[in-house]
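Model the full structure from these sequences, guided by the hints.
There are 2 protein chains.
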Amino acid sequence: MAVADVEAVILSVGRDLPFLTGYEAMPLERLTLLVIPRGEHATLLIPALEAPRVDPLPDVFTLLPWTETEDPVALAAKVIGDRRRIAVGDQMWSRFLVELLPHLPGATYVRANGVVGSLRLQKDAAEIAALQAAGAAVDRIATQLQSGQIPLIGRTEAEVSADLSARILAEGHEVVNFAIVAAGENAASPHHHPGPRVIGPNEIVLCDFGGTMAGYCSDITRCVTTGDVDPEIHSAYAVLKEAQAAAVAAAQLGATCESVDAAARDIISAAGYGEYFVHRTGHGIGMEAHEDPYIVSGNTTLLEHGHAFSIEPGIYIPGRWGMRLEDIVIATERGPLSANNADHDLALL
Amino acid sequence: MAVADVEAVILSVGRDLPFLTGYEAMPLERLTLLVIPRGEHATLLIPALEAPRVDPLPDVFTLLPWTETEDPVALAAKVIGDRRRIAVGDQMWSRFLVELLPHLPGATYVRANGVVGSLRLQKDAAEIAALQAAGAAVDRIATQLQSGQIPLIGRTEAEVSADLSARILAEGHEVVNFAIVAAGENAASPHHHPGPRVIGPNEIVLCDFGGTMAGYCSDITRCVTTGDVDPEIHSAYAVLKEAQAAAVAAAQLGATCESVDAAARDIISAAGYGEYFVHRTGHGIGMEAHEDPYIVSGNTTLLEHGHAFSIEPGIYIPGRWGMRLEDIVIATERGPLSANNADHDLALL
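Those protein sequence lines, which keep their order, are chains X and E. When you line the first sequence up against the working numbering, it's residues 1 to 349, in that order. When you line the second sequence up against the working numbering, it's residues 1001 to 1349, in that order.
Treat each hint with caution, since some may be false.
[As the list claims (entries may be wrong)] Covered by chain X, according to a simulated footprint, are these stretches of chain E (three or more residues, beta-carbon under 8 Å):
1) 1044-1050
2) 1276-1285
3) 1296-1303
4) 1321-1333
[As the list claims (entries may be wrong)] Not the full set, but computed from the structure, chain E residues with beta-carbon under 8 Å of chain X:
5) Leu1020
6) Thr1021
7) Arg1053
8) Leu1057
9) Glu1068
10) Leu1097
11) His1103
12) Tyr1109
13) Arg1111
14) Ala1126
15) His1191
16) Ser1235
17) Val1239
Just so you know, these hints were derived from the structure itself, not from any lab. Think of the CB as a built atom: it goes at the ideal place given N, C-alpha and C, for glycine as much as any other residue.
Structure, rendered in structure tokens:
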């Protein structure tokens, strides 16, 4: 907080709060707010009816339950006092910030990510192990997909998505975060919502799925084909696979995030598909499915031991087909460590 | 917007955006933002890779896709222009508001709820039918619970919660919103998180569950006992049942929300349990599990045809037991309409 010149951090919904306290705010209209004044004891404002859910940590915070007829924002302003450089949790609902603004005249606001994010960026050994365990769980599902154990032809994208979701839970995740299934031309939409389209023979099917296991996220993308496809799909996939491997290899300590992005992008661009790689190469991952560091042009953050992120280049030809290949990678002193090790080829089912 | 003296509404994550446009923002770090300048055409900023997900509505908004290396907040500020009275969507992530603040010097902010909320408050016939259909679905599960078809004794709260969740999906909901199972002394925590505690004989078990079906939410609470329990539980439940029915009966057009709260609270207080009824009597419900109007002391909003809300008084004795009885009720010209009609007694299993 001193480095960021911040006098108070306020955290509500999101992962910063459970990272620091073990308690996760309910995403509801009743405000839960941890106020951390610089150099002083923290206070956790909590709806009175949720107070029994909190494991007290008196060394870390004082619990301040508020009742149904109190104004929690006014209470928060009182706890913040005359502090005016405020760092706000990224995912706190704006309604509370909007209500807080007039209570703190002259205040300036920055993202709490600048304070708490740096603590979460470097995963320790237990966190790396958790990411690997979650990665191994979705690897098993990817292998089931690639070996034909998950039927595709004749089922809708939505049905296959539900099947993947059930397997994500069965493999030990607490929560399914997403299970994208996109067939043929639908795969050209990177965040396609699986729908009623029936998967047919002779097309490419993109599956991107993950969940949260013991508090840490998995995320993997593999593509398969349901028979013979346009030879261009095979030649493009060879480019994609080379690009993905190059970016993984580039993820060395001291490399910039943007250089990892460039390692994949240069290969895809050289093959003439640059304009069809419409997103960054990856996102950080940990307690959240997307967090720092982002593997994107313009991000000059240097990789350090314990940074964890996806490497997921893609090629998307509107109206025709799309493909993406994704692993979670952890930068370590011994080189890039892949949390995903399912086969990287385009499996023919 | 004229009534609220607002020059622009900005909407991101949350239900206001799909209510107005049919498109729901992904809750991710890439900004999706609908900017509605007063009296002018709206603009939907969208991550380029998510643009294919949007069904265009050119009469309603212009699509403005932004690419991975653009600054979406700067783009948003440009679209907002010199407007300075800004209404902000309740659930928009604070990180975007924090980043927007310095772009709009001298601006003042209010909650978009003051503009869009009034449109969502009065459910039309199709919305009322959707709430009734979702209510009937959870009624069927409540009846299964009350008739002993959902085993309790010997299972953990978490197992029963997973069972309820599976039934919520099987009954046609797209999403499970919550499935609270709280046994014995755990029921004294109104938002108890179902855990490893094994349910035994001769205790009260509180089940509060709901999901989203065809875009509208269900929410019901019923309590059962697994054998003989302390006679005080039965006498308190009689008070609770009378209080809940009184609040439903009080939910007439023109009544204030706080008078409905008082109808339940007065009966519970007269029986000596006032201090153990630690929450408001209810919350509005519709596309969100919790929304306006809140049935709480201090809310002088008058009920109108189509207002939908829970009526859910509770009594919670710390360390001993808890109970709650909840229906969703819609205020109509023909009197209070209950979307839940499962038996209201304390079933003995």
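* Those earlier numbered hints the structure runs against, lowest number first -> Violated hints: 4, 5, 6, 8, 11, 14, 16, 17; rest satisfied.
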